[in-house]
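Student: These protein sequence lines map, in sequence, to chains A and B. Quick note on numbering: full-length UniProt numbering labels position 109 of the first sequence as 109, and the sequence is numbered without any gaps. Quick note on numbering: full-length UniProt numbering labels position 73 of the second sequence as 73, and the sequence is numbered without any gaps.
Note that these hints are calculated values from the structure, not bench results. You may find that some hints are simply not true.
The list makes no distinction among identical chains, and a pair is therefore deemed to hold if it is satisfied within one copy or across any two copies.
DMTMM-like mimics (lysine to aspartate or glutamate), calculated; alpha carbons at most 20 Å apart, straight line [claimed, not checked]:
#1 Lys-24 with Asp-57
#2 Lys-65 with Asp-107
#3 Lys-246 with Asp-202
#4 Lys-215 with Asp-57
#5 Lys-215 with Glu-249
#6 Lys-65 with Asp-53
#7 Lys-121 with Asp-96
#8 Lys-121 with Asp-85
#9 Lys-215 with Glu-115
There are 2 protein chains.
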Amino acid sequence: MNTETVVTAAMLAIGDELLSGRTKDKNIGHLADMLQLSGIDLKEVRIVADDEDAIVDALNALRGKYDYVFTSGGIGPTHDDITADAVAKAFGVPCDYDAAAMTLLGDMYQRREMEFTEARKRMARMPRGAAHIANPVSTAPGFVIGNVYVMAGVPQVFQAMVDNVLPTLRTGQRVLSLAIACPYAEGDIGMLLAAIQKAHPDTSIGSYPRYVGQKFSTEIVVRGRLQQAVDAAGAEVHAMIEDIRKTREIDENRSAEA
Amino acid sequence: MNTETVVTAAMLAIGDELLSGRTKDKNIGHLADMLQLSGIDLKEVRIVADDEDAIVDALNALRGKYDYVFTSGGIGPTHDDITADAVAKAFGVPCDYDAAAMTLLGDMYQRREMEFTEARKRMARMPRGAAHIANPVSTAPGFVIGNVYVMAGVPQVFQAMVDNVLPTLRTGQRVLSLAIACPYAEGDIGMLLAAIQKAHPDTSIGSYPRYVGQKFSTEIVVRGRLQQAVDAAGAEVHAMIEDIRKTREIDENRSAEA
């Protein structure tokens with residue numbers, strides 16, 4: 001596989017509520033889907049608390065290792081929203097009230113006849129040098145600094161920000177995916193499938209057990225960047241399933257005769 | 001807060017399918033709920049691919065940092081199930097066919113008149129010195145080595161294994177949680193809430209925006225290990241809400257008179 005076609009990413013989801021069970025995260029799965037469609041490989045996800053050291057450490061580990069890092073959460077108006085400060089600290093720059101964000105928010109609250117409180121002004125703070133990520137849902141912008149994209153935790157806002165960010169990213173060759181329903185259990189096909197995987201190193205073959213109506217079956221997913229490679233491995237998987245079917249048919253006929 | 005009452009944990013969810021978006025994880029939220037109920041603090045979660053180096057690195061980082069590490073995924077019969085090998089490598093021990101697990105699985109397949117294939121035998125492999133985690137759903141055991149608990153990725157099996165593991169763990173004092181519905185927006189209460197947080201360092205006060213029927217409101221969650229501390233902070237939050245209500249009533253009356 002040509003490694004030049006690979007663009008990698010990590011996600012850092014931030015928030016006590018994700019670790020206490022109060023909130024069941026919806027952003028990881030969404031980002032995974034969107035990156036997959038875009039040809040960016042999500043390699044790692046971390047969830048940390050609203051804790052400055054934890055955020056800084058995770059961010060510095062991830063931003064040095066992957067092409068892009070996407071964060072969710074902690075950019076609201078309250079005291080537990082500390083993501084902007086933590087990101088600034090990770091980059092070693094001050095966290096300022098951004099003039100353009102102040103104007104954006106000030107105008108919005110004036111239009112809505114709401115007070116632009118000190119708390120709301122907190123949402124205009126970002127690391128010096130950061131650029132906005134537009135928020136069409138509730139105005140308060142996310143921001144990008146270096147290779148780190150800082151977005152809201154509220155799923156509607158996170159999703160809108162991801163939509164705004166994706167077209168600006170360098171993308172790799174998209175991973176193609178072929179799902180094959182296999183009527184046999186993982187334990188029946190495991191060694192055959194391992195041999196197919198070994199013969200097709202340009203693909204990554206995943207197998208996922210299903211248990212429906214008291215019967216085990218398997219979903220086999222062949223993934224790869226080259227259509228030809230995915231098709232070739234897929235054809236072998238289909239042939240394997242057909243071989244097992246025939247063998248079992250013969251066995252059943254023999255049993256019936258016996 | 002008495003730090004001796006705190007027991008910490010991390011989770012490592014393993015699987016390409018979680019990062020490609022194919023599978024939306026359900027185990028993180030479940031474990032978060034169960035640990036919260038048990039008085040164990042989930043401090044960090046990581047999701048990595050079916051990649052030996054990634055699993056080993058994450059595991060070694062987490063098991064040195066937290067009291068317990070719980071993993072999900074990668075202990076099935078197919079070639080992409082490499083968790084047992086990776087855990088053995090992280091601990092620097094061989095990964096063997098466990099005799100008791102071989103008997104358990106062999107008996108089960110015999111009863112079900114299914115072949116105990118080489119693939120199925122893979123599920124009996126575990127790091128030398130590991131102890132079983134019983135699997136009442138589909139027999140193949142998880143295992144524990146050191147402070148690392150290795151469990152299945154299939155949610156029914158993961159949950160059953162968690163149920164078996166929890167009673168064996170050292171637990172801390174449970175975190176108590178008080179949720180207060182606040183009819184005002186985060187931006188209206190942010191500074192007042194920050195002051196309450198500052199005055200109650202034994203608690204952790206989270207605020208979560210809601211947007212229903214075109215109106216912003218907030219759910220405030222006070223968490224802490226001491227009932228008295230949680231109650232005291234909660235009382236201040238209630239008083240804050242009441243103060244805002246009265247102030248707004250006066251303002252509205254003044255507007256009506258003007």
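Student: What hints, given by number in increasing order, does this structure fail?
Tutor: 1, 2, 3 and 4
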